[in-house]
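Chains A and B are the protein sequences, given in the same order.
Numbering (our numbering) for the first sequence: 1 to 329.
Numbering (our numbering) for the second sequence: 1 to 251.
Some hints could be false.
Calculated pairs, DSS-like style, for lysine-lysine (alpha carbon to alpha carbon, straight line, at most 27 Å) [stated by the list, open to error]:
no., chain 1, residue 1, chain 2, residue 2
1, B, Lys214, B, Lys204
2, B, Lys214, B, Lys141
3, B, Lys147, B, Lys214
4, B, Lys141, A, Lys187
5, B, Lys141, A, Lys259
6, B, Lys204, B, Lys179
7, B, Lys179, B, Lys141
8, A, Lys234, B, Lys141
9, A, Lys187, A, Lys234
Because the hints were derived from the structure by calculation, they are not lab data.
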Amino acid sequence: MKAAIETRELISVDAAGCCLRGTYHRCGDDSQGSGAGNRTGVLFLNHGFLPRAAPGDSAVYWADALAQSGYPCFRFDLPGFGDSDGNVPAQLLDFINAGGYGSILSAAIKQLVERFHLSGIVILGHCAGAVTALFTAASSKDCTGLVLTDPYFFLPSERTRIREELSRWSSWSRIGAMVSNIYYCLKYIRLLVRRNRPPRNANLALLRCWNQLASSGMPMLVMKAPSLKSHGIKPRMGEFDYLGYLEGLSGRGSRVVIKFVEGTDHSFAGAVGRAAIRQHTEQWLNASFGTESGDRGLESCPAPVRSGRSDRCAEVPQVLHLNPSGISR
Amino acid sequence: MYTVLHGVPNPVARVLLVGPFASERHHSYIPWVRWARYLAAKGMECLRYDYRGIGESTGVFEEMSFDNWIEDVGLLAGWLKSRSPEAPLVLHGLELGALLAAKVFETGVGDGLLLWAPPASANQALRMMLLRRISMDHAFKFGDERKPASDYLRQLENGHFLEVDGYQWSGKLWRDSFKFQMPAGMEHDSNAAPACRRPIRTVKLDKHAVPLIKGSSVGFEAINRDFSELFADNVQWIAQALAIDPTGRPW
Chain A
1 MKAAIETREL ISVDAAGCCL RGTYHRCGDD SQGSGAGNRT GVLFLNHGFL
51 PRAAPGDSAV YWADALAQSG YPCFRFDLPG FGDSDGNVPA QLLDFINAGG
101 YGSILSAAIK QLVERFHLSG IVILGHCAGA VTALFTAASS KDCTGLVLTD
151 PYFFLPSERT RIREELSRWS SWSRIGAMVS NIYYCLKYIR LLVRRNRPPR
201 NANLALLRCW NQLASSGMPM LVMKAPSLKS HGIKPRMGEF DYLGYLEGLS
251 GRGSRVVIKF VEGTDHSFAG AVGRAAIRQH TEQWLNASFG TESGDRGLES
301 CPAPVRSGRS DRCAEVPQVL HLNPSGISR
Chain B
1 MYTVLHGVPN PVARVLLVGP FASERHHSYI PWVRWARYLA AKGMECLRYD
51 YRGIGESTGV FEEMSFDNWI EDVGLLAGWL KSRSPEAPLV LHGLELGALL
101 AAKVFETGVG DGLLLWAPPA SANQALRMML LRRISMDHAF KFGDERKPAS
151 DYLRQLENGH FLEVDGYQWS GKLWRDSFKF QMPAGMEHDS NAAPACRRPI
201 RTVKLDKHAV PLIKGSSVGF EAINRDFSEL FADNVQWIAQ ALAIDPTGRP
251 W
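Kindly produce the complete structure, drawing on both the sequences and the hints.
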């Protein structure tokens, strides 16, 4: 237990007037807290309302692993979530899909880069976190790369009750499954008629962000989990292939890598998903940022950070060390 | 161990919040934090934490046992009480956390016990989580690919690990869960002081308490659910049970 404590530190940043609380995972050779020192950092963004540990505490696992490989990692709770201050927007999904968290995260990234003397930050965003990652990267000079797991590029609308019931029916009934297949065949025909143009509910602002980043040559790694009735990275028949479309748009200068992770689910929290995300991300980081993050030494020593104790923050996250005779701070 | 202290100067009471278990932690986190802030605003200092091996706390989940987690509750309660021994201490548990809090309360720790949605046994709580995991598996599989629930149970009963929402449940955890039951006299709503002569309250939570407890689904629409009525009612109970005034004045 103690070793893990030595590699982590609770931190907070004051971004756009909001106290964001999070965890900093020190690099393997920086367990004394001397600082990250001009490396590439990794910032984890969760899919939505869950705390920064992510499902099954998978983000903790990835951050520990990547920090051990030389990439200082940061996990923060967004405003109103987890331990951070602030309020959750009433229409959260709409807010996320419009890039609502972009400005606050850009400010947080700027602070992290300065405070930890980083050369830049790679954002690892999952699902809605991937949407936020794209918007943030487009507005932050300090974001140098993106890892997106199961991103989506459409504007989800609330499903009606009838639609929910039909969906449930198709999952257990053979007739329902047949009706569902026919429905998706019709959708496929409509796609062909539209000549593979993005559907009406496409998040055009997000597509523009992708296009801007990809064409500027920002390294991006996209990982996809299997989804219902789909084959590899391709969506099920009748659904628009956003990744294929974006790849086509990105041009020759783009540095986009797409991986399919077999044997996992959307959360990537299981053993297979965890291992795959770790392995692909580590390899991709080494390939894209290896020269920057490599042999750095400890010559660059920023002032020790004593965060999680910002004056603005009345709540104090802390680590208590348990021992049989009691607890000491 | 990861803890968050919602500090209050001169608190009228202290509350140790023993949260829900493993994957349930993540879904209930927002209302749980709001409850802690609500208590602090009423002059009650509270401490919330992550179980060893879960969330921000370190430790290997699959190596932990109910005994370890009970030990945590006891030690944290002692630490919180030591900050100002004159202020009464309430143990408050949610779901499986309620079981842990009740077990420690039974040993004489705490001046009051507040239980939200306590299961009769740890197995009941684990079984609900397992059923949700199975239904998720089934939602993405068809026909023969769907394993019956008995296959999952057999895996645990044979002492193997089973992955549930990213946590490796051990066969031992499953076996122990049958024996880990609510202490006698605390199983049901017992607002009247029971044999231990300290106030206890049990609050049942239904589907309207999602995401504080996990219902059939936890969607984005439930995130901002208003729990002010539940919070006010329970602060009122704490104040009355401990004869304190949540505004800081003598009761």
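Quick rundown of the hints versus the structure:
1. B:Lys214 x B:Lys204: holds, 13 Å
2. B:Lys214 x B:Lys141: holds, 23 Å
3. B:Lys147 x B:Lys214: holds, 23 Å
4. B:Lys141 x A:Lys187: holds, 22 Å
5. B:Lys141 x A:Lys259: holds, 22 Å
6. B:Lys204 x B:Lys179: This hinted pair holds, its Cα atoms lying about 22 Å apart.
7. B:Lys179 x B:Lys141: violated, 34 Å
8. A:Lys234 x B:Lys141: holds, 18 Å
9. A:Lys187 x A:Lys234: Given pair A:Lys187, A:Lys234 holds - Cα atoms ~15 Å apart, limit 27 Å.
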